[in-house]
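Given these sequences and hints, build the entire structure.
These protein sequence lines map, in sequence, to chains A and B.
In this text, residue positions in the first sequence follow my numbering: the first is 60, and each later residue adds one.
In this text, residue positions in the second sequence follow my numbering: the first is 180, and each later residue adds one.
Check before you lean on any hint, since a few could be wrong.
As the list claims (entries may be wrong) - Heads up, simulated SDA-like pairs for lysine to any residue below, C-alpha to C-alpha not over 25 Å straight-line:
(1) B:Lys803 to A:Gly211
(2) A:Lys137 to B:Arg731
(3) B:Lys803 to A:Ile185
(4) A:Lys160 to A:Asp119
(5) A:Lys137 to B:Ala729
(6) A:Lys137 to B:Leu724
(7) B:Lys803 to A:Ala219
(8) B:Lys803 to A:Leu180
(9) B:Lys803 to A:Arg182
(10) B:Lys803 to A:Glu172
(11) B:Lys320 to B:Gly206
(12) B:Lys803 to A:His213
(13) B:Lys803 to A:Glu216
(14) B:Lys803 to A:Lys160
(15) B:Lys803 to A:Leu220
(16) A:Lys137 to B:Arg689
(17) B:Lys803 to A:Ala218
(18) B:Lys803 to A:Ala173
(19) B:Lys803 to A:Pro177
(20) B:Lys803 to A:Asp119
(21) B:Lys803 to A:Ser184
(22) B:Lys803 to A:His210
(23) B:Lys803 to A:Gly179
(24) A:Lys137 to B:Arg734
Treat the hints as calculated values from the structure; they're not laboratory data.
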Amino acid sequence: MPQRILVLLAHPVRRRSRANAALAEAARRVEGVRLHDLYDAYPDFLIDVEAEQALLLEHDVIVFQHPIYWYSSPAILKEWQDLVLEHGFAYGREGTALAGKSLLSAVTAGGGEASYSPGGLNRRSIEEFLRPFEATARLCHMRWLPPFILHGTHLLEPAALERHAADYAALLQDLRDMVEA
Amino acid sequence: MSEGFLAQAFVYLLAAVATVPIAKRLGLGSVLGYLLAGVAIGPFGLNLAGNAGEVMHFAEFGVVMMLFLVGLELRPARLWAMRGPVLGAGGLQVGLTAAAVGGIGLAFGYDWRMALAAGLILAMSSTAIALQILAERGLQKTGGGETTFAVLLFQDVAVIPILTVLPLLALAPATGGGAHDEGWIATLPPWGQAIAVLGAVAAVVVGGRLLTRPAFRIIAETKLREIFTASALLLVVGIALLMEAVGLSPALGAFLGGVVLAESEFRHELEGDIEPFKGLLLGLFFLSVGAGIDFAQVAAAPFTVAGLVLLLVLVKAAVLAGLGLATRRPRTEVLLTALLLSQGGEFAFVLLAFATQNGVLPVAEASLLVSVVALSMLVTPLLMMTYGRLADRLADADLPPEPDAIEPQGSVVIAGFGRFGQIIGRLLMAQGHTVTVLDHDMETIETLRSFGFRVFYGDASRLDLLQAAGAAEAALVVVATDAPETTLSIIGTVRRHFPQAEILARAADRNHAYAVIEAGAHGMVRETFGSALELGVEALRRLGLPAYEAERAGRLFRRHDLRTLHRLGALRGDDGRYRLAVREASERLSAVLERDKARGRIIHSEGWDTTSLVEEVRRNAALKQAEG
Ligand SMILES: Cc1cc2nc3c(=O)[nH]c(=O)nc-3n(C[C@H](O)[C@H](O)[C@H](O)COP(=O)(O)O)c2cc1C
Chain A
60 MPQRILVLLA HPVRRRSRAN AALAEAARRV EGVRLHDLYD AYPDFLIDVE
110 AEQALLLEHD VIVFQHPIYW YSSPAILKEW QDLVLEHGFA YGREGTALAG
160 KSLLSAVTAG GGEASYSPGG LNRRSIEEFL RPFEATARLC HMRWLPPFIL
210 HGTHLLEPAA LERHAADYAA LLQDLRDMVE A
Chain B
180 MSEGFLAQAF VYLLAAVATV PIAKRLGLGS VLGYLLAGVA IGPFGLNLAG
230 NAGEVMHFAE FGVVMMLFLV GLELRPARLW AMRGPVLGAG GLQVGLTAAA
280 VGGIGLAFGY DWRMALAAGL ILAMSSTAIA LQILAERGLQ KTGGGETTFA
330 VLLFQDVAVI PILTVLPLLA LAPATGGGAH DEGWIATLPP WGQAIAVLGA
380 VAAVVVGGRL LTRPAFRIIA ETKLREIFTA SALLLVVGIA LLMEAVGLSP
430 ALGAFLGGVV LAESEFRHEL EGDIEPFKGL LLGLFFLSVG AGIDFAQVAA
480 APFTVAGLVL LLVLVKAAVL AGLGLATRRP RTEVLLTALL LSQGGEFAFV
530 LLAFATQNGV LPVAEASLLV SVVALSMLVT PLLMMTYGRL ADRLADADLP
580 PEPDAIEPQG SVVIAGFGRF GQIIGRLLMA QGHTVTVLDH DMETIETLRS
630 FGFRVFYGDA SRLDLLQAAG AAEAALVVVA TDAPETTLSI IGTVRRHFPQ
680 AEILARAADR NHAYAVIEAG AHGMVRETFG SALELGVEAL RRLGLPAYEA
730 ERAGRLFRRH DLRTLHRLGA LRGDDGRYRL AVREASERLS AVLERDKARG
780 RIIHSEGWDT TSLVEEVRRN AALKQAEG
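Here it is as structure tokens:
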């Protein structure tokens, strides 16, 4: 049975997005993927917790797709986590609703790969900066998948962006067709 | 006759107007002011009062109205909840005071029947004085205030059996006519009397429930204020007459009528209409008590009278204090109750007259007691002057002080409950706030009542109605009326008379918004602004702007517009209309639009915009390549 994939997209100014726009478009074309634009759904930040939880229950793989802003996610994804991943639902003794599901971070960063190395401007890798998400997955009994990272968006040529978008689509397809462990 | 009446009215009104404000100024309270004014115009002062006894008889109707108003404040459920204190505290107060006073009478060598009669009569306290002082000091809803009220309520009921018992205590044959002066009902057999009494009570309850509302609705629709007032008076007078006819206390009947109407939407309007009459009549009552004090008798035996007054006050206060302490009430509460109920009551005058008629008390003793009771009424306001200080000291000693049980009622008043006010009301109620609503449109009220709202009929710009709706205790008053002038007048009234309440107001447009703020509103919203903005945001979305950006564009527009509004509002105050006109000209639509366009650019050059960042990174990369 194919895995059901939910992509939670968080980008506050979608019209100005290049990288995430391309990735989101690629994801949308993959059959069995549901794309959910958080800024579009909740322009007032009033997250509908019940609806979001129901959506999570309907899917096996959850993807957080967003640009890296200040080494983390745009604000709405934080709001989403604070409210939707409730105690008793996502974690805690009775919070097992997400157990066995997988979490994938798909992020784009302005800084190039070199800047995210020990000698670079940012010193640490994106994986390091994504630790809070990894810990969140673990607390919610979810499998933490190796993140999909698109580095150096500032300098990215259109052709390269196309290629990365295709890679992203392929990854989602693999996840969809993956046999349950 | 009419000239005589006018002259007398003039004397009484002048006495009140001249004395009461001074008394209040001096911190003596209005009750003492009235009493002293009465003494001043009485036979032992200027001798202008005419027949004070007759006036008092007329003025006693003020007590009936007062109890009607008290009943209106008391929903049946609350009255039921009070049954414990009424029977407990009330029953014990009457029983123990009667026993104590009677015991003293026996000790002075009086016949036990006289002693008991005097005990029962003097156990009554003055509803008029106690409730008036409570209201004046805003203590009605405190624990002490409620106990006081419970005791008074019991006394009102107790008058009926006392009237029945007194003739049995007669020493000499009755001097008056029949035992009871109760008209046709006395001619009925006992079971017939019982049926008549029950029938009268049932008539008040059932009539109040079923008939008054449709009747008042029809009257309200005529929109003739004075007819509404007339029917309110008619109702109270009618109940009083009915009760009198079956030998019940008119005050008690009026109280019952009030309770029955406490849940009616006309409650506040009724309160507003009856209140001034009650106030005037009570004032008149106090005046006539003052004027009626027989100083000739007092002068003949000053020490006896003074001693008796002191004894009466002491005994009554001691009984209440003992009761309170025995039941472990907080000491400030006990103090309040003991001081407030330490005087003889207006019922004592009636009962004393009745007792002499029936040969229970000799005329000399009875008239002495009339003076004692009247003077004891004079003592209460004096005692109450010490209450504040004593209570503070007790409260300090009583650690931790018991918080006053204040009913969480009427914390929000919404004036005007059309489509605008309703949204506010629903939001507040959904958050669990108690909302009292005033509106003058019968149809609105009908509809909303069927949804379970507490909506009351009345013109929200009237001070008395706002008062009745609880504006004096309200934390917040929302003025949501649609007529701009009405809104301003309500804001002014609330600001002047209920300074503790915050005021939020609905403004019609920009100019009205300024006027609303100038009138003293703490916050306002222009009625069409929010919804127009929302539709504008929706339009942006339909035109292809992503939801979050459209939302932000709307919010930014709003912020900008409000800032402009406040900036211009500040200008309005300081320096005449000229500058304002100049500034406003520059704020013309074209200018506003020009700036909005500029702001449109601002939206897109905020933190999320990476244009400059990308350019810099690219430049650096190009440089590096050139070097490398
Ligand atoms: C507010 C803000 C913060 C950013 N913080 C970072 C950062 O911490 N690290 C980084 O590599 N890039 C950062 N960037 C660059 C973005 O990651 C980059 O512009 C984005 O991934 C491009 O994707 P897009 O075309 O979908 O907007 C930031 C950009 C913005 C607007």
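We went through each hint and held it up to the structure:
| no. | hint | result |
| --- | --- | --- |
| 1 | B:Lys803 to A:Gly211 | 15 Å, holds |
| 2 | A:Lys137 to B:Arg731 | 19 Å, holds |
| 3 | B:Lys803 to A:Ile185 | 24 Å, holds |
| 4 | A:Lys160 to A:Asp119 | 5 Å, holds |
| 5 | A:Lys137 to B:Ala729 | 21 Å, holds |
| 6 | A:Lys137 to B:Leu724 | 24 Å, holds |
| 7 | B:Lys803 to A:Ala219 | 21 Å, holds |
| 8 | B:Lys803 to A:Leu180 | 16 Å, holds |
| 9 | B:Lys803 to A:Arg182 | 20 Å, holds |
| 10 | B:Lys803 to A:Glu172 | 16 Å, holds |
| 11 | B:Lys320 to B:Gly206 | 22 Å, holds |
| 12 | B:Lys803 to A:His213 | 15 Å, holds |
| 13 | B:Lys803 to A:Glu216 | 18 Å, holds |
| 14 | B:Lys803 to A:Lys160 | 45 Å, violated |
| 15 | B:Lys803 to A:Leu220 | 22 Å, holds |
| 16 | A:Lys137 to B:Arg689 | 39 Å, violated |
| 17 | B:Lys803 to A:Ala218 | 22 Å, holds |
| 18 | B:Lys803 to A:Ala173 | 14 Å, holds |
| 19 | B:Lys803 to A:Pro177 | 20 Å, holds |
| 20 | B:Lys803 to A:Asp119 | 45 Å, violated |
| 21 | B:Lys803 to A:Ser184 | 23 Å, holds |
| 22 | B:Lys803 to A:His210 | 18 Å, holds |
| 23 | B:Lys803 to A:Gly179 | 15 Å, holds |
| 24 | A:Lys137 to B:Arg734 | 22 Å, holds |
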